[in-house]
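Engineer: Sequence:
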Amino acid sequence: MHRPEFRIHAIVPAFLIALIAILGCKFTSSSETSNGQAPSEPRTAASPGPSTQGDQPTGEPKDEVIRAAKKFLQLDSFSAEMRGEGTDALSMRLEYQAPDRFRITHNAGAAAGTETILIGDASYMKMKGKWQKLPVNIGGKIPTLRDAFSEEGLKTLTDVKRESDDIVNGTPASVYSYRNKLPNENYPFTSRIWIGKDSGLPMKIVVDYEQGALKQMVINYDTSTPVSIEAPSN
566 MHRPEFRIHA
576 IVPAFLIALI
586 AILGCKFTSS
596 SETSNGQAPS
606 EPRTAASPGP
616 STQGDQPTGE
626 PKDEVIRAAK
636 KFLQLDSFSA
646 EMRGEGTDAL
656 SMRLEYQAPD
666 RFRITHNAGA
676 AAGTETILIG
686 DASYMKMKGK
696 WQKLPVNIGG
706 KIPTLRDAFS
716 EEGLKTLTDV
726 KRESDDIVNG
736 TPASVYSYRN
746 KLPNENYPFT
756 SRIWIGKDSG
766 LPMKIVVDYE
776 QGALKQMVIN
786 YDTSTPVSIE
796 APSN
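Be aware that the sequence shown starts at 566, since it is given in the working numbering, and climbs by one per residue.
Calculated from the structure, these hints are not laboratory results. Quick caveat, the model's predicted, so the values are computed rather than measured. Errors might be hidden in some of the hints.
[As the list claims (entries may be wrong)] Mimicking EDC-like on lysine to aspartate or glutamate, the simulated pairs with C-alpha atoms at most 20 Å apart in a straight line are: (1) Lys-769 with Glu-795; (2) Lys-762 with Glu-728; (3) Lys-769 with Glu-650; (4) Lys-762 with Glu-629; (5) Lys-627 with Asp-763; (6) Lys-635 with Asp-787; (7) Lys-698 with Glu-660; (8) Lys-627 with Glu-728; (9) Lys-769 with Asp-731; (10) Lys-762 with Asp-628; (11) Lys-635 with Glu-650; (12) Lys-746 with Asp-763; (13) Lys-691 with Glu-795; (14) Lys-698 with Glu-795; (15) Lys-636 with Glu-625.
Please construct the entire structure, taking both the sequences and the accompanying hints into account.
Structural biologist: See the structure below:
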């Protein structure tokens with residue numbers, strides 16, 4: 566029983582990085598969104614609709630980064646490949662299906678070989694090829710995508726600059742840099758974000774941390790491949 570608990574503590578912080586890396590935005594726990602009811606039915610992946618008049622580019626770097634992040638939060642699903650450098654190596658794949666389904670696969674570090682599925686308040690972990698339902702509610706510790714970009718939260722986004730143009734997997738992107746810190750935490754970090762010129766969505770983020778054991782995180786997002794997450798059959 567002690568080994569799974571240890572791995573749970575390794576999973577949660579790394580998982581949060583994938584969701585907050587864009588702006589360090591605020592989220593609400595799945596238990597708050599469900600109001601004591603069963604988790605919502607998953608939504609099928611769909612590309613974001615065309616931009617409305619209010620979403621047209623302004624040319625201001627900060628506005629462009631915020632627009633991309635808000636568009637990202639509207640996605641029905643996405644996946645992210647994460648690689649961290651620091652005291653301990655981190656390599657993981659995160660998949661999300663709205664509104665409250667997650668799959669995390671660890672490829673390196675303390676939790677290497679572990680796969681976790683979160684559906685609402687239910688948590689499942691696969692170790693040594695076998696699934697088990699966990700007695701603890703990891704989902705209660707993992708935020709869902711809501712209440713992002715409050716006026717207060719955006720105050721921490723500073724020094725936003727347009728750096729250059731680049732190509733990510735054959736797709737043109739604009740590169741921006743900015744400084745920020747996690748909500749309610751005094752841990753500043755510097756980020757570079759690659760935003761697709763056609764999609765307007767984040768494609769890649771590199772985060773450099775000024776404090777802590779984690780020194781750099783590289784995240785590559787796939788926002789076009791549908792993600793489907795179901796509870797383990799066994």
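Engineer: Evaluate each hint against the coordinates.
Structural biologist: Quick rundown of the hints versus the structure:
no.: 1; hint: Lys-769 with Glu-795; verdict: violated (27 Å)
no.: 2; hint: Lys-762 with Glu-728; verdict: holds (14 Å)
no.: 3; hint: Lys-769 with Glu-650; verdict: holds (16 Å)
no.: 4; hint: Lys-762 with Glu-629; verdict: holds (11 Å)
no.: 5; hint: Lys-627 with Asp-763; verdict: holds (18 Å)
no.: 6; hint: Lys-635 with Asp-787; verdict: holds (16 Å)
no.: 7; hint: Lys-698 with Glu-660; verdict: holds (19 Å)
no.: 8; hint: Lys-627 with Glu-728; verdict: holds (12 Å)
no.: 9; hint: Lys-769 with Asp-731; verdict: holds (11 Å)
no.: 10; hint: Lys-762 with Asp-628; verdict: holds (15 Å)
no.: 11; hint: Lys-635 with Glu-650; verdict: violated (27 Å)
no.: 12; hint: Lys-746 with Asp-763; verdict: violated (29 Å)
no.: 13; hint: Lys-691 with Glu-795; verdict: holds (14 Å)
no.: 14; hint: Lys-698 with Glu-795; verdict: holds (13 Å)
no.: 15; hint: Lys-636 with Glu-625; verdict: holds (17 Å)
The earlier numbered hints that this structure contradicts are 1, 11 and 12.
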